[in-house]
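My request is simple: use the sequences and hints to build the entire structure.
Residue-level listing of the chains:
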Amino acid sequence: MKLEKGEISSSQLMFLVGGFIQGSLLTLAFAKDATKHDLWLALIAALMMSLPLALVYITLALKFPGQNLFQINDAVFGPYLGKLVSFQYIMLFLMIVSSNLWFAGDFFLTFFFPETPIIVIMIMFAFICAWGVRAGIEVIARMSIILVLFTILIALTTFILLLNEMKFSNFLPIFDIPIHDFIQGTNIMMAIPFNEVIIFMMVIPYANKMKQVKTSVLYGLMIGGITSLIVVIRNTAVLGPLADIVVSPSMEAVRLIDLGEIIERLEALVGIGLILSMFLKVSVFYYATVLGMAQLLKLRSYVPLVIPVGIIGITLALTNESSIQFTYTAMNTYPIFSLSFYIVLPLISLLIVKIRKLPK
Amino acid sequence: MTFLLMSVFLGIILFEVPKLIRNKHWRELIVFSSLLSMAFILSLLQILDVKVPSPFEGINFLIRDVLHLNYK
Chain A
1 MKLEKGEISS SQLMFLVGGF IQGSLLTLAF AKDATKHDLW LALIAALMMS
51 LPLALVYITL ALKFPGQNLF QINDAVFGPY LGKLVSFQYI MLFLMIVSSN
101 LWFAGDFFLT FFFPETPIIV IMIMFAFICA WGVRAGIEVI ARMSIILVLF
151 TILIALTTFI LLLNEMKFSN FLPIFDIPIH DFIQGTNIMM AIPFNEVIIF
201 MMVIPYANKM KQVKTSVLYG LMIGGITSLI VVIRNTAVLG PLADIVVSPS
251 MEAVRLIDLG EIIERLEALV GIGLILSMFL KVSVFYYATV LGMAQLLKLR
301 SYVPLVIPVG IIGITLALTN ESSIQFTYTA MNTYPIFSLS FYIVLPLISL
351 LIVKIRKLPK
Chain B
1 MTFLLMSVFL GIILFEVPKL IRNKHWRELI VFSSLLSMAF ILSLLQILDV
51 KVPSPFEGIN FLIRDVLHLN YK
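These protein sequence lines are chains A and B, in that order.
FYI, in this note's numbering the residues of the first sequence are 1 to 360.
FYI, in this note's numbering the residues of the second sequence are 1 to 72.
FYI, nobody ran anything at the bench for these hints, they're computed from the structure.
We put the CB at the ideal spot given by N, CA and C, even for glycine.
Accuracy of the hints is not assured; some may be wrong.
Stated by the list, open to error - The list that follows gives simulated cross-link-like pairs (lysine-lysine, BS3-like), each with its CA atoms no further than 30 Å apart:
hint, chain 1, residue 1, chain 2, residue 2
1, A, Lys83, A, Lys63
2, A, Lys167, A, Lys5
3, A, Lys83, A, Lys5
4, A, Lys2, A, Lys298
5, A, Lys209, A, Lys36
6, A, Lys83, A, Lys209
7, B, Lys24, A, Lys2
8, A, Lys36, A, Lys211
9, A, Lys354, A, Lys298
10, A, Lys298, B, Lys19
11, B, Lys19, A, Lys2
12, B, Lys72, B, Lys51
13, A, Lys354, A, Lys83
14, A, Lys167, A, Lys357
15, A, Lys214, A, Lys360
16, A, Lys63, A, Lys211
17, A, Lys298, A, Lys5
18, B, Lys24, A, Lys83
19, B, Lys24, A, Lys5
20, A, Lys5, B, Lys19
21, A, Lys36, A, Lys214
22, A, Lys83, B, Lys19
23, A, Lys36, B, Lys24
24, A, Lys298, B, Lys51
25, A, Lys63, A, Lys354
26, A, Lys357, A, Lys63
27, A, Lys63, A, Lys2
Claimed, not checked - Examples of chain B residues toward chain A, derived with CB under 10 Å:
hint, residue
28, Ile30
29, Ser37
30, Leu48
31, Leu67
32, Lys72
Okay, here's the thing in structure tokens:
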């Protein structure tokens, strides 16, 4: 009994991971409030610290070939405790889906459609994601190459066009912030894009070449991390202290592009890039939620669950009152909360696997 | 508004259920209907302007008020 019949190649996996990290370009804003102009340092620190954790996830996935996160939980923690752990992961993933729907809706509300009710944007976005999820992981993975290249192209073009606006003295003084804030910024960075690669324990079993999984995931992480770094450096260099205040530094920075009054107002391109890579991220999370539910309840197909889970995700997103409350949670409590899912539980799993010499 | 919501959910049922019954996927049908009724209740509460607590409030409560581990 196999829930997913598709297969993805290792280059598709690489681009899927890269696009998945790029999907968090919008949420880089949370860490900037804590770290100010040292955001790029926090980004590099978070990337370096997430590489060994990604290796932990990959090692776990490769120890149980063909089994995903929830089957591994069952094997490691036993059938009952494993189900409880899997249930918590599913709730976390569902929450991430709903919060990303909120980000997408809020972003479009702020910059493009100020008069539209947020639910309309959310429904349209969730509809596309549901369509992708119903088609299976193979379709999402095949799309990822185009979306990732498009996002990289936008990042590089805007970087080059803004070169004459950049002042690299904006990065000075380095390490002006207290170490407490730097740790917080790194933790936010790890919690929101980089450690979320744990979701790929749901996708790795469908890769066709198991030997190349490790390099693909690590290269994908580097692609996503370097794109984020380009964007962060561009924003801080162009905007300087202003980057800490504005809602979306990318939009404000790209708005400054002006080539002889012909090439102007390129921020729509940034919006397109953000929404495309966000589609990839939400789809992967959505897929993992639905697949995990089907796995937990021993169903034969995950397709019927897609629409109800999407509606639940939208209604959970609508329970948020304001982006201020949201930012508070994402900055101050969620990074700590997520540590147990992204660091503690995988390390305990790996320890149990070593002690019990699984799989037998 | 409630009528609109009900017609949307009816459309979803008409879209999904016949395939499940034809293939005799009863277990899937049970899970589908329970999840869909949960979704219906949640969206009905949204429409009737009943305040549903956000799941993030739960995280805030756990980390800030119970464990005191928050940053600020």
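Worksheet item: For which of the previously enumerated hints does the structure constitute a violation, in increasing order of number?
Response: Per hint list: 2, 5, 8, 14, 21, 23, 24, 30 violated.
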